[in-house]
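The whole structure should be built from the sequences, with the hints applied where relevant.
Quick note, the sequences are listed as chains F and L, same order.
For reference, each letter of the first sequence is one residue, going 17 to 299 in our numbering.
For reference, each letter of the second sequence is one residue, going 100 to 397 in our numbering.
Since the hints were derived computationally from the structure, they do not count as laboratory data.
Treat the hints loosely; a few may be bogus.
[What the hints assert, rightly or not] If you want the ones that stay clear, here's a sample from chain F, every Cβ over 10 Å from chain L, calculated:
hint: 1; residue: 131
hint: 2; residue: 265
hint: 3; residue: 278
[To be verified] Straight-line Cα separation of at most 30 Å, DSS-like style, residue types lysine-lysine; simulated pairs:
hint: 4; chain 1: F; residue 1: 78; chain 2: L; residue 2: 291
hint: 5; chain 1: F; residue 1: 259; chain 2: F; residue 2: 140
hint: 6; chain 1: F; residue 1: 153; chain 2: L; residue 2: 291
hint: 7; chain 1: F; residue 1: 140; chain 2: L; residue 2: 143
hint: 8; chain 1: F; residue 1: 140; chain 2: L; residue 2: 318
hint: 9; chain 1: F; residue 1: 175; chain 2: L; residue 2: 143
hint: 10; chain 1: F; residue 1: 259; chain 2: L; residue 2: 291
hint: 11; chain 1: F; residue 1: 140; chain 2: F; residue 2: 153
hint: 12; chain 1: L; residue 1: 291; chain 2: F; residue 2: 175
[As the list claims (entries may be wrong)] Rough simulated footprint, nothing fancy, chain L against chain F, three-plus residues with beta-carbon under 8 Å:
hint: 13; segment: 116-128
hint: 14; segment: 203-217
hint: 15; segment: 250-264
Quick reminder that beta carbons are idealized off the backbone N, C-alpha and C, glycines included.
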Amino acid sequence: MSLAGNGRRGTPERAPGFSGVPNLTVVADREPATSVAGPAVRLTDVTKVYGQGTRAVLALDKVSLSVKSGEFTCIIGASGCGKSTLLNLVAGLDQVSSGDLATTGQVTLMFQEPALFPWLSASKNVELALRARGVAKAERRARALELLEAVHLGGFANKRPHELSGGMRQRVAMARALAQDVDVLLMDEPFGALDAMTRDLLHDELERICTERTLTVLFVTHNVREAARLGDRVIVLSSRPGKVIEEYQVPRTGPRRMDSPEVSELAASLTDRLRVEMSRHVR
Amino acid sequence: MSADLTDRRALAGLDNLELQEALAAGPGRKGRMAAKTWAATWPKLLAIAIVLILWQLVYLYDWHGSSSNGIFKGPVQTLPVLWEELHHVTLWDAIGTTLSRAVVGYTAALVVGSLVGALVSRVKPLRAAVGSIITGLQTMPSIAWFPFAIIFFGLTPATILFVIILGAAPSIANGLIAGVDYTPPLLLRAGKVLGLKRVALYRHVILPASLPSFIAGMKQGWAFAWRSLMAGELLVTIPGHFSLGRLLSTSQDQLDMAMTISVMIVILIIGILVDMGFNQANGLIRRRWGMVDTGNGT
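This is the structure we're talking about:
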């Protein structure tokens with residue numbers, strides 16, 4: 017398994033300055049997503065290998081997928097399908113071993129934990145994102161308050177993360193991601209640590225925000241209902257190595273909820289498909 | 100549309116419910132100031148009382164006749180001497196000299212320690228080369244540097260300053276290095292996702308994240324600096340300057356036990372006061388970061 021050094025093409029635009037520290041501005045310098053027709057994220061035969069020699073682990077095996085601008089795509093898979101690896105690659109936190117990866121517009125990543133800086137208030141957390149983008153100091157506070165208002169946390173700007181509940185922290189993280197003025201939002205099980213009631217409400221919030229701002233979302237989860245509830249499209253990955261094995265288009269017929277019949281139906285077929293995949297790994 | 104409104108109200112309601120829960124669990128910060136001050140003060144008063152009683156008992160025990168022949172002094176003889184000295188300019192002069200040396204030396208150690216720590220924590224080859232030297236220096240008793248420093252600088256304030264820096268800087272550097280090492284990887288990734296790089300990442304993520312460990316290192320560094328300073332003032336007498344160490348050695352020469360103990364008490368109190376300052380800073384950070392367990396209003 018000598019995939020690491022072989023047939024490495026990389027993406028020409030990303031290659032310069034891409035050694036060591038991920039260089040996210042390279043992505044930002046390009047045309048904004050709205051002016052380009054076509055996919056916001058495109059992976060072609062992307063392979064990722066960790067380690068070398070006999071201890072090499074193939075995390076992703078020739079994954080090809082593309083996400084249209086403004087589309088909400090859910091990625092689902094059992095353990096070891098390389099979901100998080102995939103998002104790290106798209107976010108530029110890690111490099112592909114081979115294959116092409118192209119993104120259009122600014123990309124950001126939200127984690128399962130809010131990953132807020134505990135020494136900064138909610139508003140300062142958002143302001144840091146603005147600052148990193150080069151927004152003028154005088155503007156930052158007002159912009160941060162607007163963004164917190166957008167996630168209904170206008171009244172909590174001066175609270176520190178530990179003073180907020182888990183759901184509120186995740187919304188601050190969302191405001192911080194929006195502050196980056198992103199076109200593509202990558203989400204790595206962002207609601208996995210929340211209770212069911214909070215998660216339901218945050219699904220509605222996320223849907224509203226994405227529609228208002230025509231965000232392209234790549235949402236990784238291991239919750240089939242969540243995938244069925246949120247996605248315009250659901251992609252199923254196999255495990256060890258991760259490979260696209262199934263794709264479901266979800267027709268948009270109106271507002272959905274976790275308990276809508278069409279969500280339950282899709283969730284059931286996703287569960288079946290995943291069980292078939294898991295049983296492949298019986299030894 | 101109304102369903103949307105209901106959802107939003109539900110979210111706001113849930114926020115309030117969860118916040119009230121957190122509030123109820125937290126301690127009542129204000130309103131009980133007097134009670135809190137008392138709670139913080141009485142153990143210290145008790146500790147002082149215990150020390151005074153033990154001291155008096157040792158005096159009364161009269162070990163090998165040390166008390167009856169006047170070598171050892173009890174609190175009853177010593178404290179009036181201390182009280183008397185507090186009204187003399189000599190003691191305050193000495194405190195002033197010693198503290199100004201402490202401030203200058205410690206500040207220099209802070210600068211050196213922070214610079215070395217920052218470089219070593221970020222530059223890999225430096226770390227391999229210098230990392231263990233720093234720890235080695237930290238374990239070396241600073242008094243062992245005095246012969247070298249006295250030969251090199253002579254009996255000058257520079258000698259004392261040099262030893263203070265060598266005593267305190269390694270702890271400060273190590274505190275910073277440990278803090279950088281233990282920066283939560285998730286926060287680092289979050290910083291990188293925001294587009295922070297190199298200096299900006301260091302300034303906005305790594306440095307604030309290492310602050311608690313850095314302060315712990317500063318506190319330890321202060322203890323080393325204070326010890327080095329006292330050793331220095333005892334060994335290196337600079338004519339014309341009254342310092343606490345000098346007072347101590349003078350009273351030793353005059354076999355003045357009451358004065359000796361008085362100066363020791365002053366040295367102890369200064370050490371404790373500075374330590375309290377560091378603990379305050381540490382507590383402030385822990386509260387701001389939510390690292391204090393607010394389980395049951397202690």
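So, going through the hints one by one against the coordinates:
no. : hint          : in the structure
1   : 131           : 4 Å, violated
2   : 265           : 26 Å, holds
3   : 278           : 17 Å, holds
4   : F:78 - L:291  : 27 Å, holds
5   : F:259 - F:140 : 40 Å, violated
6   : F:153 - L:291 : 21 Å, holds
7   : F:140 - L:143 : 39 Å, violated
8   : F:140 - L:318 : 29 Å, holds
9   : F:175 - L:143 : 34 Å, violated
10  : F:259 - L:291 : 27 Å, holds
11  : F:140 - F:153 : 12 Å, holds
12  : L:291 - F:175 : 24 Å, holds
13  : 116-128       : holds (count 3)
14  : 203-217       : holds (count 3)
15  : 250-264       : violated (count 0)
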